[in-house]
Amino acid sequence: MKIGVTGATGQLGRMVVDKLKEKVSADSVVALVRNPEKAAGMGVEVRSFDYNQSENLALSLQGIDKLLLISSNEIGQRAKQHANIIHAAKQAGVQWIVYTSLLHADKSTLSLAGEHLATEEALKESGIPYTLLRNGWYTENYTASIAGALAAGAFVGSAGDGKISSAPRMDFAEAAAIVLTSKGHAGKVYELAGDQYYTLKDLAAEISKQTGKKLPYQNLPESEYARILKSIGLPETFALAIAGWDVSASHDDLFDNSGQLSALLGRSTTPLSQVVADALAAK
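With our numbering applied, the sequence shown corresponds to residues 311 to 593, in that order.
Treat the hints as calculated values from the structure; they're not laboratory data. There may be inaccurate statements among the hints.
Said to hold, decoys possible - Only pairs whose alpha carbons sit at most 16 Å apart, straight line, appear in this in silico EDC-like list of lysine to aspartate or glutamate:
#, residue 1, residue 2
1, Lys417, Glu435
2, Lys331, Asp360
3, Lys400, Glu435
4, Lys312, Asp337
5, Lys519, Asp588
6, Lys312, Glu347
7, Lys498, Asp588
8, Lys400, Glu355
9, Lys434, Asp416
Let the hints inform the model, and build the full structure from the sequences given.
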């Protein structure tokens, strides 16, 4: 029984592979990667796997029984790329696909939702048994900005008082590994989010508490936040996207209190305070 992990050299993918190796033998895990050289040292079988090269995907999936389809990082190309993979999985005889979708993708106002919904529909139409892991926001999406915020003297954004139920990547990776190595998940849709919600004002307060430096949260209009992101080197399209996601967060699109992630983990999700502490320690 072989488990394939797409995007296995990405931040989430590497964590999933490590978690799988704790649960099953390493020779039953296959890392499906665009650049095999980056997978050196992972301790599992590595196969070349480019989401855009549809003609080669089925061959790379031969012998794979379970597939974790980690969503592509190429926004705007995801639906097509994921459709390529699903089609190839059917050709190769993959028995089950687990897909990392978006929290409440069916009602979210995040611009990311459309491509995730298209992929979910492609999975339904494929006839392959599937499970949807609708992942919430990674806490690192925000804690990655701590150093810059401290340098600037404020944490900025456009999320207002929106409630954010995030969790670190490792929690989502562990949940994926649990689903892939246990029974009873086919056909399920999991809305995965952290147990603890916070606002960006709360995040700024936690950073202040741990650093001893007063760091206020400054809420900005979407256009102003996008301008600041562009000024620090982000491409305009990406800057506009991030600012737009924050606006969606202000509508509580990143909030969920169902506890489905902690139920899968069998423990509470990692609290914000710990992720902040880890980020500060890594500076």
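Right, here's what the structure says about each hint:
For the hint linking Lys417 to Glu435, the alpha-carbon distance of about 20 Å lies beyond 16 Å, and the restraint is violated. The straight-line distance between the Cα atoms of Lys331 and Asp360 is roughly 23 Å, outside the 16 Å bound, and the hint therefore fails. Between Lys400 and Glu435 the CA atoms are separated by roughly 11 Å; this keeps the pair inside 16 Å, and the hint holds. For the hint pairing Lys312 with Asp337, the CA-to-CA distance comes to about 8 Å; that is within 16 Å, so the pair holds.
Taking the CA atoms of Lys519 and Asp588, the gap is about 14 Å. The hint holds against a cut of 16 Å. With a CA separation close to 21 Å, the supplied pair Lys312 and Glu347 exceeds the 16 Å bound. Between Lys498 and Asp588, the direct Cα distance comes to roughly 33 Å. Violation of the 16 Å bound is thereby established for this hinted pair. For a cut-off of 16 Å, the pair hint linking Lys400 to Glu355 is broken: about 21 Å separates their Cα positions.
A threshold of 16 Å between alpha carbons decides the hint, and for Lys434 with Asp416 the separation of about 14 Å falls inside it, so the pair holds.
Hints 1, 2, 6, 7, 8 from the list above are not met by this structure, while the remaining hints are.
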